[in-house]
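Participant: Assemble the complex: chain A is given as a structure, and chain B with the ligands must be docked to it using the hints.
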Amino acid sequence: MTAETVTPPHFCAAHLLGSWDEHHPQRAFIELAGQNAPNRPDGTLVVARREEMTEFLRHPAVHATDGVNYHMGAQRPLIPLDLDGEAHRKYRKLLDPLFTPKRVARLEATIRARTNALIDVFADNGKAELMLGLCAPLPAHIFIDLLGLPTDDLPIFLEFKEAVVRPQGATVDEQQANMLAAGERTYDYLARVLDERRAGPPRDDLIGGFLTVEMDGGRLTDQEIIDICYLLVIAGLDTVTCSLSCMIAWFAEHPAERRRVLAGPELLGKAIEELMRYESPVPLGHRWVTEDIEVHGRHFPAGSKVEVVWAAANVDPDTFPDPLTVDFDRPHNAHVGFAAGPHRCLGSNLARLELRVALEEFHRRIPEYKITPGEDVVYTNYGVRAAIHLPITFPAG
Amino acid sequence: MRVTVDRDRCQGHALCVLNAPALFDLDEIDSHAYVLADPVPGELAGSARSAVENCPEQAIAVAD
Ligand code: HEM
Ligand code: SF4
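Quick note, the sequences are listed as chains A and B, same order. For the first sequence, my numbering assigns the number 1 to the initial residue and increments by one for each residue that follows. For the second sequence, my numbering assigns the number 1 to the initial residue and increments by one for each residue that follows.
The shape of chain A in the complex, shown without the other chains:
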């Protein structure tokens, strides 16, 4: 990708503001959070204030879809993202225990090993491009281990998530068509995987678990398993890739804070939460309001589509004093970088583990680094915010 990557104006309300800046979008998000009951020129309502957000999201009349269109190239409701109420709760009850902090801790050694294998490739070079060298492949490797898929399938994953998260095309229609086509290929791929797995011996991985788990006294159907895996692939690869790239880019440009974390590794957990707040890699989500409701004194008419901007809430000065300061010791940090409400990120504890282990190992091997002189970090804020070009230089060793 090139430096011309820009956020299409239809993507986010903050992009329509004069203060929008691809490198530092936080100021535009602050401006959005400061508006009174913002909406877009097409009438889409925008929820951007932190205080309003938690109550809005947990309102039973606030749904994840309009019941017709599903997220990200899916032909059927994604499980659990496109479901509401009891149907949603039923699947979360099944999935939540698989992603608790204790459960995902089992993956720590694998994540560490994968991280080091990737760093080995460039550690002696004195320079590296970390999007392709580390941030993109790491979560994909981990996912393949988690689901129990052949390592050779890595390119299939990387291609699919890129096509779905940032669909190419000159118009919104073209982008939609490309996204649907990529979705189609993924459904076929997952169906083939399940056929093979049913024919083979049982294995102790996520797909193995889905094949044997019981829900409401019955097994999951192939279609249910595919709809879960499809979402896990979209939700769990790019998000970690992008978050990691934002964090390393930030540490590259803030050596004093980086050295603080190097000196006191126990600070890293808090640093990750604070950077999740400040960078808010997943900037927004959408909701549909099914009946007239009132939240925090604001009226939402039945049928409204609402853009919920996590990135704006995370720099709302009413909740986060001095929001542009990255303060690892921020005493109150109820950020919504992983959303809030019933659709709160299922994988947040896996994401935190991946980010922590990747940063620990990277900093252990390469404690001193900077953005390569004469080159720039290139950010995208389309889909998920990321440092898509992340060239660093470091003392070779």
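One or more hints might be untrue.
Chain A regions said to be covered by chain B (calculated; three or more residues, Cβ under 8 Å) [claimed, not checked]:
| no. | region |
| --- | --- |
| 1 | 92-103 |
| 2 | 329-335 |
| 3 | 340-347 |
Some chain B residues well away from chain A (every beta-carbon gap over 12 Å; in silico) [unchecked claim]:
| no. | residue |
| --- | --- |
| 4 | L36 |
| 5 | P39 |
| 6 | G42 |
| 7 | E43 |
| 8 | D64 |
Just so you know, the hints here were simulated from the structure itself, not pulled from any lab data. Nothing here was measured: the structure is a model prediction, and the numbers come from that model. All residues carry an ideal CB built from backbone N, CA and C; glycine is no exception.
Facilitator: Just chain B with the ligands, lined up with the frame of chain A:
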């Protein structure tokens, strides 16, 4: 000091567990937070108050 988690509001972010592991843990079955130490030992009162402010769902409450 008493501390409670409203399990209807809690969505299992686990921030309370990260910030105050001596006070909260996540239920391994329904991944909602539960309280480990209630009443809160005096030396953990600060942690309990901070957990209230750090819960994205406003699910934690303390009372003296
Ligand atoms: C730093 C990385 C991540 C970030 C920033 C992130 C962020 C989010 C956000 C904002 C949502 C809410 C979407 C919405 O309501 O519109 C979400 C939902 C979700 N995430 Fe993540 N996520 C990350 C990593 C992961 C990982 C690693 C997985 C998988 C293991 C995952 C699985 C999911 C699932 C399944 C949902 C849907 C939950 C539901 O609808 O109930 N995420 N994530
Ligand atoms: S921080 Fe709040 S929502 Fe998250 S687990 Fe703790 S009580 Fe539940």
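Participant: Now look at each hint and say whether the structure bears it out.
Facilitator: Okay, the hints, checked on the actual structure:
no., hint, verdict
1, 92-103, "holds (count 8)"
2, 329-335, "holds (count 5)"
3, 340-347, "holds (count 4)"
4, L36, "holds (14 Å)"
5, P39, "holds (23 Å)"
6, G42, "holds (20 Å)"
7, E43, "holds (18 Å)"
8, D64, "holds (20 Å)"
Violation of the numbered hints given earlier is absent; every hint is satisfied by the structure.
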